[in-house]
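The primary structure of each chain is shown beneath.
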Amino acid sequence: MTTAQAHAHPQPNYMGVFWWLLGLTIAEVAVAYAHLPKLIMVILLVGMAFTKAAMVALYFMHLKFERSTLTWIALTPLILCIFLSLMLLPDIHP
Amino acid sequence: MSEAAAIDSAAEAAESPLTPESWGKLGMWVFLAADAMSFGGLIVCYALLRNASANWPPPAKTLGINLTAFMTLLLIVSSVTMVLSLSAIQNGDMKRFKRFLLLTISGGLLFLGCQAYEWTHLITERLPEIGISFSTHLFATTFFVLTGFHGMHVTGGVIYNSCVLAACLRGRYGPKHVEIAGLYWHFVDLVWILIFTFVYLI
Chain A
15 MTTAQAHAHP QPNYMGVFWW LLGLTIAEVA VAYAHLPKLI MVILLVGMAF TKAAMVALYF
75 MHLKFERSTL TWIALTPLIL CIFLSLMLLP DIHP
Chain B
8 MSEAAAIDSA AEAAESPLTP ESWGKLGMWV FLAADAMSFG GLIVCYALLR NASANWPPPA
68 KTLGINLTAF MTLLLIVSSV TMVLSLSAIQ NGDMKRFKRF LLLTISGGLL FLGCQAYEWT
128 HLITERLPEI GISFSTHLFA TTFFVLTGFH GMHVTGGVIY NSCVLAACLR GRYGPKHVEI
188 AGLYWHFVDL VWILIFTFVY LI
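Protein chains in written order, with my numbering: chain A, 15 to 108; chain B, 8 to 209.
Hint data in this document are derived by calculation from the structure and do not stem from the laboratory. Any given hint could be a false lead.
[To be verified] The calculated lysine-lysine pairs, modelled on BS3-like cross-linking and capped at a C-alpha distance of 27 Å, are:
1. K78(A) <-> K183(B)
2. K68(B) <-> K52(A)
3. K68(B) <-> K183(B)
4. K102(B) <-> K183(B)
[Said to hold, decoys possible] Pulled from the structure, derived: some chain B residues nowhere near chain A, Cβ distances all over 12 Å:
5. S86
6. L129
7. F156
8. G163
Here a beta-carbon is modelled for each residue, glycine too, at the ideal position from N, C-alpha and C.
Make the full structure from the sequences, and use the hints.
Below, the structure written as structure tokens:
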């Protein structure tokens, strides 16, 4: 494999990703304004936020086209944050 | 032969053993992972403090989300112009590259302007109205620390992108430097998507 081949990412459809991000942002604001039960609202908003974040990472940051090593580096903080939340949870007394 | 091999392996070292890309790109990813941990720590602490507080003002009503939705749009658009400027320089189109990178930098500056306006409005009018301030309520403390830390990243990104633009125009930097700068800029966008959801919408 030559260096040139390694550098040639397939060019994703950037405008397609943009329309998805725009649509999800509008949907998020709509959900925030709609008077939904708290739990449903949180699930919808968090779901959409992580979808958007994943799209930015996969297509704009080219993670989809890189070796999995970089994906593991990118996922490490997420795993550590879940760990951090679980470790701190017992200290919270509302 | 041995001398040629030595030169060859020295040239190889420019690429990391983990990725077929440059050390620079790997380094940026490791930095971003560490930076994500800083943001992650702040967001997790925000969530736990909020969960533990009895009287937390409803964020969407208190902060207002219309301007912030526009700011989110600004960062998303500036991410798109960043990838377009990268594909332009990869195709050798310097004019298009310059135009899109300038648009990206302007998007960042406009974002900072909106944030300055928002902070001023909150500090001088909105928060005194409901009787809380940075030092008296965790709502304000967590808000200003989180958005402030992110705003500093946007400021850094604007400076970084400007330096990359100047170096590219002088011919000292090329597509791979733009790609690495792009990674940082998209990360700032990604983090804002999460902050917008957790701090403003929920």
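Subject >> Those earlier numbered hints the structure runs against, lowest number first >> reply: When the structure is compared with the hints, numbers 3, 5 turn out to be violated.
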